[in-house]
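As they're listed, the protein sequences go chains A, B and C.
Residue numbering for the first sequence follows the numbering used here, beginning at 1 and increasing consecutively.
Residue numbering for the second sequence follows the numbering used here, beginning at 1001 and increasing consecutively.
Residue numbering for the third sequence follows the numbering used here, beginning at 2001 and increasing consecutively.
It cannot be assumed that every hint is accurate.
[Stated by the list, open to error] Reference excerpt, derived from the structure (chain B facing chain C, CB under 8 Å, subset only):
(1) W1045
(2) A1177
(3) A1181
(4) D1189
(5) A1191
(6) R1193
(7) T1196
(8) G1207
[Said to hold, decoys possible] Restricting the straight-line Cα-Cα distance to at most 16 Å, the calculated cross-link-like pairs of lysine to aspartate or glutamate (EDC-like) are:
(9) C:K2177 to C:E2167
(10) C:K2183 to A:E298
(11) C:K2177 to C:D2144
(12) C:K2211 to C:D2095
(13) B:K1204 to C:D2201
(14) C:K2211 to C:E2034
(15) C:K2183 to C:E2227
(16) C:K2183 to C:D2159
(17) A:K166 to C:D2070
(18) C:K2177 to A:D269
(19) C:K2177 to C:D2158
(20) C:K2177 to C:D2159
[What the hints assert, rightly or not] Just so you have them, the derived chain A footprint on chain C, three or more residues with Cβ under 8 Å:
(21) 2119-2127
(22) 2177-2183
(23) 2230-2244
(24) 2278-2290
None of these hints come from the bench; they were simulated from the model.
All C-beta atoms, glycine included, are put in the ideal place defined by N, C-alpha and C.
As a plain string of letters, each chain reads:
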Amino acid sequence: MTVTLDGVTKTVAGETHLYGMSLSLVPNGLNVLLGPTTAGKTSILRLLAGLDRPTAGRVLVEGADRTTAGVRDRDVAMVYQQFINYPAFSVYDNIAAPLRRARLPGPEIDRRVRDTAALLHIDHLLDRLPGQLSGGQQQRTALARALVKRARLLLLDEPLVNLDYKLREELRTELRHIFQTGGATVVYATTEPQEALLLGGQAIVVDAGRVLQIGEMVDVYRNPASVRVGEVFSDPPINLIAGRIAGGEVQFGGEMRAGRPVHFAGLADGAYRFGVRAHHVDLAPAGPGAVSLSGTVELSEISGAETFVHVRHNGLNLVSHEEGVHSFRLGEPVTVYVDPDRLYAFDAADRLAASPHGPAGAAPVLAKTAGAGPA
Amino acid sequence: MNKVQNNRAWFLILPVFVLVAFSAIIPLMAVVNYSVQDSFGGGVWIFVGTEWFESVLADERLHDALGRQLLFSGLVLAIQIPLGVMIALTLPTRGWLVPLCLIVLALPLLVPFNVVGTIWQLFARVDIGLLGHTLADLGIEFNYTDDPLHAWITVVLMDVWHWTPLVVLLCYSGLRAIPPAFYQAARIDGASRYATFRYIELPKLRGVLTIAVLLRFMDSFMIFTEPFVVTGGGPGNATNFLSIVLTNWAIERRDLGPAAAFSIIYFLIVLLICWMFYTAITRIGQADKR
Amino acid sequence: MARIVLDGVAHSYAGKGKAKADDYALRRLDHVWEDGGAYALLGPSGCGKTTLLNVISGLITPSEGRVLFDERDVTRLATEQRNIAQVFQFPVIYDTMTVRQNLGFPLVNRGLPADRIAARVGEVAEMLDLSDALDRRARNLSADAKQKISLGRGLVRDDVAAILFDEPLTVIDPHVKWQLRRKLKEIHERFHRTLVYVTHDQNEALTFADKVVVMLDGQVLQVGTPEELFETPSHTFVGYFIGSPGLNLIDCTLDGGDAVFRGGRIALDDDRLARVRGRNVALKLGIRPRYVEVLDRAGAETLPAQINDVEDLGTHRLVDLALGDGGPVIRAMVAEDAALPADAAFLRFPPERTRLFADDVLVA
């Protein structure tokens, strides 16, 4: 199903949530709305669902103007952050509810309910009440109820945010596979870059009521069009360092200097903001050109199987992302290394001037072998 | 958030409008109608403007009754609210005693108002009443039909007996809603029992206490049946409260005009005082926010 | 400050004597919380971690065993007699008081002189970045500031044996969580109080603690540093629970000197062989996804596998593979720009990174 927002503005009580936003969803594909908490993701989902009407602009479905159509008149299903189920209905009846409302024949309902329950691994829980289930099982039930309708537009508003991280890990992978097989146009809102990357599909990066960038997921990740996209699409946050390019040299962070890297060849001399993602700030030199910086540990955080080390040096804060679990003491001196070949350059207007990954769509410039893979 | 409009919803609340119209608006308009007219019988009505209001407002009997009424409500609140909080604090929090205590406490609330009056009328009598007779045996001459002070004591005591349980139940529910972590924190901080009450329980009870004060004020300000049964407003005019005066005018003397004007003034006083209470208490809450 | 010893502590809500083995919310446990250590109690809900915390705080008297604070038996002492402080899941503050009064409350109750109180409160407020808010009403502050006040009420007292935390970041906005975590770390490094932190969040536990106590079904599975839990999990659950994705686990049997599983076999060293040989136990091999080597050609010690799926996570890729011909599923973490074979791959499990579990317990 093709869905398009055309210049949609949404103002509530004098406060603008969306500013003349235009975007097209990938038909029958996965669209991930990525943005921080108040970016306007939920506003977009509500407009797509027909729960709200835009203040200005149009919502086009299959090319027809459906701006004023109510939620009942749209073929849409929605899953929320909270686990929303009918508390007095069994899991079976919860999943069957939308089909019964659509007055489908009994055997058809039964077959679909059981298929969907099996897909989400809750087929052994069909007789239970939602109150007897764990959080993960409750959200699976809510997902099943959304999927069983086979609505042609499926909207998910941070569906995993209230789950423990082990459950989140499992469901993410499952959802990715479910979305790949489905015939629905899926819109999935999330604040987490990792989740967006794992799901893949079309990335729609939103912030403060505007679309910042649209494109293929990994492409957008590797080539953020602006500083803000880089910030929204990085966890831990992307390191931003002021500096300049002068002749054959780049300088950044005050005292770090290196030869001008190849991908900066086309850039004019002058001041830039350089960005480097945390996993390219290393505790050991990753290449011969790496520049070192000595600092002290502000904090080390462990996330999954990775360690984020916040390093401070003369008012400059850098985050380094290390694989594996490591402990650091606060204030411990460390040396970090930044490889100039990994730097993004942003111009005075904060737009991407050069990316270590080359232009969008191209294969990564670097073909260095690292980690487990042999040459 | 502006939702999609659906005008069908208005039809669904139409029955409520009709019901409210018949139960409240139409009778009230009838009273307003009476308050501005005079009649000499035979269906002849004369418009008198604000004449009734002026005469009622100047009426000594109304002033006296209003004074008595305020005193009564003040006394009742001053006794019932602290007493209710105190009882709620001493109630058990778990075990089989809980339902038992709550049922015993709720019993007075279930007794019809006129029965409450009758019970206390008998209870306080000197000749056959348990209370009056016992006091007489102790050498205290207690006679609520003769002594205005004794009449007041009886009426206030009766109201305390009847309505303190409501305050208790409200406070009890408020106390139960305080998460156990707060008590645990207070213990860890070495807080005394009083400090725990002052800094945890009382602040958390503010909401229910607001409701309790409003309910008890309105009820006590409009009290009629119980004192009417016990003392009939006497001795003399000692317990002649506003609603008893009003009934006297309207039913016994059939002075419909002044009674209607009186009703409206009465209604406005209740409204005014409730509004004052409410804004005062919410102001305190607002001031806290700054 | 104190060293806290749990001596044969067990607890059943059914009461002593009546309890069957399954009834124990907390199974028999001996543990020493060293003075000045930062500990996390980690486990899924219902694992007994809150019961254990309540045993330390004195809210629960254990049905068996003793609790010692510096050799003093406090098993039957009430919370207020134990000199502990606690930060709860939802911020507990005194609504009607200012921040200053809140912080000073424990000292006022203990009858300290006003100038001492003022000095201590000033010090603690400074450290918690609450100095500017001292005269504001506590109830109007944000959740993270309220949690800092709760913590501050523990810090103002210098007689505190331990500060206990019961999932203190539950109601904190994600973007301020790390500031609070940092504050906790800083306070720990500065004061060396004994801290015990209950959480179900792996990242929080590993970030906060020097030592993590992993619990499951009322039992302590492992006590170790974050690195130890990650590198040498002593139980398959710890391997699964720590790290994302968790440890790869492969059911296997012994055949001569090899561990055999569907899709391959690998040689085991003599030491581990000796420990499992002849025992009737269920064996599993475990390896972290980041230590699985994905190669494009066969070599020494390699196993053939099929690539099912590749997830690009930007910083690295997660590869889903099936060993042999439809054998067990293995997940491997591969660097972002490493070359990957198209579909047929060869896996190598470096022996020094491969763990063996017998009935879910690590064979060391």
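Status of the hints after comparison with the structure:
Given the 8 Å rule on beta carbons, the hint for W1045 of chain B is violated: about 58 Å separates it from the nearest Cβ of chain C. A least Cβ separation of about 13 Å between A1177 of chain B and chain C goes past the 8 Å threshold, and the interface hint is therefore violated. A distance limit of 8 Å between C-beta atoms decides the matter here; for A1181 of chain B the minimum to chain C is near 4 Å, and the interface restraint holds. At its closest, the beta carbon of D1189 of chain B sits 4 Å from a beta carbon of chain C; the interface hint therefore holds under the 8 Å criterion.
Interface hint at A1191 of chain B: satisfied, since its Cβ lies 5 Å from the closest Cβ of chain C, which is below the 8 Å cut-off. For R1193 of chain B, the suggested interface contact is broken, since its CB lies about 11 Å from the closest CB of chain C, more than 8 Å. Interface hint at T1196 of chain B: violated, since its Cβ lies 10 Å from the closest Cβ of chain C, which is beyond the 8 Å cut-off. Restraint check, G1207 of chain B versus chain C: the minimum CB separation of about 12 Å is more than 8 Å; hint violated.
Note on K2177 of chain C and E2167 of chain C: the hinted pairing holds, with a Cα-Cα distance of about 12 Å set against a maximum of 16 Å. At roughly 10 Å between alpha-carbon atoms, K2183 of chain C and E298 of chain A fall within 16 Å of each other, so this suggested pair holds. As the CA atoms of K2177 of chain C and D2144 of chain C are separated by approximately 8 Å, the hinted pair is consistent with the 16 Å bound. At roughly 35 Å between alpha-carbon atoms, K2211 of chain C and D2095 of chain C are farther apart than 16 Å, so this suggested pair is violated.
Distance check on the hinted pair: K1204 of chain B and D2201 of chain C sit about 31 Å apart at the alpha-carbon level, beyond 16 Å; violated. With a C-alpha separation of about 10 Å, the suggested pair K2211 of chain C and E2034 of chain C falls inside the 16 Å cut-off, and the hint holds. The suggested pairing of K2183 of chain C with E2227 of chain C is violated, with an alpha-carbon distance near 22 Å, which exceeds 16 Å. Proposed proximity of K2183 of chain C and D2159 of chain C is contradicted: the alpha carbons are some 21 Å apart, above 16 Å.
Taking the CA atoms of K166 of chain A and D2070 of chain C, the gap is near 38 Å; set against the 16 Å cutoff, the hint is violated. Proposed proximity of K2177 of chain C and D269 of chain A is contradicted: the alpha carbons are some 40 Å apart, above 16 Å. The suggested pairing of K2177 of chain C with D2158 of chain C is violated, with an alpha-carbon distance near 26 Å, which exceeds 16 Å. Annotation: proposed proximity of K2177 of chain C to D2159 of chain C is violated, straight-line Cα distance about 28 Å (limit 16 Å).
Note: the segment 2119-2127 of chain C has 0 residues with beta-carbon separation from chain A under 8 Å; the three-residue rule is not met and the coverage is violated. With 3 residues bearing a CB less than 8 Å from a CB of chain A, the segment 2177-2183 of chain C meets the requirement of three and the coverage assertion stands. Under a criterion of three residues with beta carbons nearer than 8 Å to beta carbons of chain A, the stated coverage of the segment 2230-2244 of chain C is upheld, 7 such residues being counted. Coverage of a stretch by a chain is defined here by at least three residues with a beta carbon nearer than 8 Å to that chain's beta carbons; for the segment 2278-2290 of chain C and chain A the count is 3, and the condition holds.
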